[in-house]
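Can you make the complete structure from the sequences, with help from the hints?
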Amino acid sequence: QVQLVESGGGLVQPGGSLRLSCAVSGIRIKLYVVGWYRQAPGKQRELVATMTSGGTTTYADSVKGRFTVSRDNGKNTVYLRMSSLEPEDTAVYYCNANFMFLGHDYWGQGTQVSVSS
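Position one of the sequence shown corresponds to residue 65 (our numbering), numbered consecutively onward.
By construction, these hints were calculated from the structure, which means they are not laboratory data.
A few of these clues could be false.
[Stated by the list, open to error] The calculated lysine-lysine pairs, modelled on DSS-like cross-linking and capped at a C-alpha distance of 30 Å, are:
1. K94 x K139
2. K139 x K128
3. K94 x K128
4. K107 x K128
[What the hints assert, rightly or not] The following label-pair restraints were derived from C-beta to C-beta distances:
5. G90 x D125: 31 to 39 Å
6. G74 x S134: 13 to 21 Å
7. R109 x G72: 25 to 33 Å
8. L111 x Q77: 19 to 27 Å
9. S178 x Q67: 19 to 27 Å
Here a beta-carbon is modelled for each residue, glycine too, at the ideal position from N, C-alpha and C.
This is the structure in structure tokens:
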């Protein structure tokens, strides 16, 4: 059974930082595209950041320069370092692991990030 378990969310003031973690079990993420998506109330889920197995990263324009996605294949864990957080970053953040060639697309249950003073 594949599980992706996010942690590290919470309430933070504008300008603050958080680091999200996504512990993956049931698959080895080494060959997967991994990343983070978010969904704010009343909005569709959107891409935040992804990283390929080769280390190529993609970021939403709104988070470039503020967020950093990383992976530790040995620990089977994906991270999202978020800094200079803004109220607009408030959302549920979801971890994803994708291997299109095999038709695998796995999601975590989400972790809430709230940015407010």
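Hint by hint, here is what the structure shows:
{"no.": "1", "hint": "K94 x K139", "result": "10 Å, holds"}
{"no.": "2", "hint": "K139 x K128", "result": "26 Å, holds"}
{"no.": "3", "hint": "K94 x K128", "result": "24 Å, holds"}
{"no.": "4", "hint": "K107 x K128", "result": "20 Å, holds"}
{"no.": "5", "hint": "G90 x D125: 31 to 39 Å", "result": "33 Å, holds"}
{"no.": "6", "hint": "G74 x S134: 13 to 21 Å", "result": "20 Å, holds"}
{"no.": "7", "hint": "R109 x G72: 25 to 33 Å", "result": "19 Å, violated"}
{"no.": "8", "hint": "L111 x Q77: 19 to 27 Å", "result": "25 Å, holds"}
{"no.": "9", "hint": "S178 x Q67: 19 to 27 Å", "result": "25 Å, holds"}
Comparing the model with each earlier hint shows a violation of hint 7 alone; every other hint is respected.
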